[in-house]
Every structure is written in structure tokens, then in C-alpha cells.
Amino acid sequence: QVQLVESGGGVVQPGRSLRLSCAASGFTFSTYAMHWVRQAPGKGLEWVAVIPYDSIHIYYADSVKGRFTISRDNSKNTLSLQMNSLRPEDTAVYYCARDSALIPFDYWGQGTLVTVSA
Amino acid sequence: DIQMTQSPSSLSASVGERVTITCRASQDIRHYLAWFQQKPGKAPRSLIYAASSLQSGVPSRFSGSGYGTDFTLTISSLQPEDVATYYCHHNSRYPRTFGQGTKVEI
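Protein chains in written order, with the numbering used here: chain R, 1 to 118; chain V, 119 to 224.
Chain V extracted, bound-state conformation (with noise of 0.2 angstroms):
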């Protein structure tokens, strides 16, 4: 099975800051890493896919980047909204694995 291994595990950060997840896959998933958001009490949201495509209607200072083993979640400028739990995945194959969150508070 294909391990993913977020970091930080939780962060603080202020307001306009710039916030880095880092997220590494224990094989080679090319391209095929999502990032999703969650809020407590909520289902998750969907933000990235393929490593960097944007989900439609998520904001700009979200972005990922990455490819094969290394992949990175980026908020250019942190927003009070954006407190939530983060979760990389993977879906090169079965069974499907997430990471184990990094929870972003201001």
C-alpha cells in the first residue's frame, strides 16, 4: 500500500501569511495527488487534483504543486476562513490512502 506522510501536523500562522503543507507518497503516484479541506463538523471539500489543477470555485492563494514522490500545498495569504484540517490523497490505485491532516489555525 502507498503510504502518504503530511507535515507539518498542525501549524499557527497570522493573517496574510503564507502557509507550506508538504505531503510525500511512499511510491511514485505521478500526478495523481488531491488535496481536500475540512472543517469541523463538515464533510471534506475538494481543492486540488491532479497535484496542481484547481477545483472549480476554490480560491486563487490556493495552489499544489509536485510530481511523483513530493507534492506541496501553498495558501498565498492565509485567511480566517481558512481554518480547517488539510488532507492529501492519493488515486494511482488501490487502496486509496489520505494523509493524516495538518491542521492550519490562525
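If we strip away everything but chain R, and leave its shape as in the complex, we get (with noise of 0.2 angstroms):
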């Protein structure tokens, strides 16, 4: 069964990096496009990143441009999100989304949480 697991959450301080993983299973990861979606406690769910099959045409929300970087390594399985410059309002759970042209998002990790505070 398809399985999308993320790690490397934590606290963190303002100003300093972190990079979180998501490990995923069950299904042929090199032929599906790979997104990050965050949610900050209590809030809505804010798209952050996606990254094709191919890693050719790489998107980003204005929030987090220029500070995140998403990448993947279709030889182990692994979508990685590389966050630098971090801000408190960054502070969120943050999930990885499979996505094909016709169902967005159909699977979802269990997300993990990244706190920004001093």
C-alpha cells in the first residue's frame, strides 16, 4: 500500500535551517509529481512546493521562495524539503502530498511539525 512518511521536524531558531525527508512506499515514486503542503497550528492548509517526476519544472508559494528548496532522489524513494532562513511564522505541520494530472493530492503523509521560536 502507497505509504508517505516524513521526518526531521523539531524546534528551530529563527534565522537557522532546517531539512526535513518523507520516505515514500508502495507505489513507483519516479513517475509521480511529489508537493509539500503546510498547516500552522489552528489554521488552513497552505501549499508550499511541488516537484515533477522529473524535477525539470519546480514550483514554489511566494511565502516560502528564495528561503525553500524542494528536490527528490527517485533512486531511494525520497522527497526532501531544505528550509533555510526560517521565520516564526513558518511553524507548521508539514505534509507530503502525491500527486497525479487527475486526482491532486490522493495520498498524505502524517505530516511532521516545525517550530520556529527563539
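Just so you know, the hints here were simulated from the structure itself, not pulled from any lab data.
Take the hints with a grain of salt, since some may be wrong.
Unchecked claim - Derived lysine to aspartate or glutamate pairs resembling EDC-like cross-links, with alpha carbons at most 16 angstroms apart:
hint: 1; chain 1: R; residue 1: Lys43; chain 2: R; residue 2: Glu89
hint: 2; chain 1: V; residue 1: Lys157; chain 2: V; residue 2: Glu223
hint: 3; chain 1: V; residue 1: Lys221; chain 2: V; residue 2: Glu199
hint: 4; chain 1: V; residue 1: Lys221; chain 2: V; residue 2: Asp200
hint: 5; chain 1: R; residue 1: Lys65; chain 2: V; residue 2: Asp119
hint: 6; chain 1: V; residue 1: Lys160; chain 2: R; residue 2: Asp106
As the list claims (entries may be wrong) - Away from chain R, derived, C-beta distances all over 12 angstroms, residues of chain V:
hint: 7; residue: Thr138
hint: 8; residue: Gln145
hint: 9; residue: Gly219
Think of the CB as a built atom: it goes at the ideal place given N, C-alpha and C, for glycine as much as any other residue.
With the hints as a guide, dock the two chains, each given alone in a separate frame, to form the complex.
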């Protein structure tokens, strides 16, 4: 069965960096676009970034552009999110999610909490 | 960017009642609209894609309709397990955006 497992969350000071990972299994990872979506405490869902199967056309939300970098390793079935210059407003649960042309976000991970605080 | 506006923000209904949530896009998104259900402390779950297609395993009491800018999620007979927050989402282009959510209570 499809499984997405995020890791790497934690407490970090403003201005510091953190790297999130998402381990995928149960499907052919190299053929799907993958996304990061976040949710601040008590708030709604916010799309963060997407990387297509071939890593060619990558897009970011304006709120993270220039600070976050999404990447993938198809040989290891792993999605990553490098987060630099973190701000308190980046505090959220970060989910990785699978995407297909027809069905957006058909599978989600359980999420990993990132807290940016001094 | 395309803005997604849901209404109402919250609602309370009785078991067995019909519930309708609306979502309006700020631009034409054709049929590129999905609905998600999120229960407290859990990841979102896909319910509807392409505006009206039911995701595998989702009960048939859930249905979606609409095209262009106006969309609807309907729960034909509300059940206790449907208590959750519901989000609409467009996958028409980037950046992708979500509605602000509708909290459904019994």
C-alpha cells in the first residue's frame, strides 16, 4: 500500500535551517509529482512547493520562494525540503503529498511538526 | 493567484440532514477542483477530484458538482463520522491554493 512518512521536524531558532524528508513506498515514486503542504497551528492548509517526476519544472509558494528548496532522489524514493532562513511564521505541520495529473493529493503523509522559536 | 472562497466557515447540522458547502474560485478553473476532509490531528483525506469524481473508498453520500468558478460539496445524509473540516482546492495552475475550510459539527 502507498505510504508516505515524513521526518526531520523539530524546534529551531529563527534564521536557522532544517531539512525535512519524506520516505515513499508502495508505488512507483519516480512517476509521480510530489508536493509539500503545510498547516500552521489552528489554521488552514497552505501549498508550499511541487517537484515533478523529472525535477524539471519546480514551483514554490511566494511565502517560501528563495528560502526553501524542494528536491527528490528517485533512486531512494525520497522527497526532501531544505528550509533556510526560517521565520516564526513557518511554524506548521508539514505534509508531503502525492499528485497525479487527474487526482491531486491522493495520498498524504502523517506530517512532521516544525516549530520556529527563539 | 487564484483565490478560493468557501462558505460557510462553519455549520452545525443533525444526523441524517443534508449538508452543502460551497466554494468559489476567483478565476475560471474549469473542472480542476478537489475536496478534502480533515479530522483533528489527522492528515487531510481526498474525497472528490475533477469537481465531481468520487475518490475510491469514499462513501457515496459525498458528492461534488460545479464548473468554472462555482462548486459544491454535498453530504446527502450527515453521519457522526463526518464531523471534520472540509477544504476545497484548485489544481488548475501554480500556485495551488486551498479554501479557508468549513468546519462541520453535529
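Hint-by-hint comparison with the structure:
no.	hint	result
1	Lys43(R) with Glu89(R)	12 angstroms, holds
2	Lys157(V) with Glu223(V)	11 angstroms, holds
3	Lys221(V) with Glu199(V)	13 angstroms, holds
4	Lys221(V) with Asp200(V)	10 angstroms, holds
5	Lys65(R) with Asp119(V)	15 angstroms, holds
6	Lys160(V) with Asp106(R)	15 angstroms, holds
7	Thr138	20 angstroms, holds
8	Gln145	16 angstroms, holds
9	Gly219	5 angstroms, violated
The structure does not agree with numbered hint 9 stated previously, though it agrees with all others.
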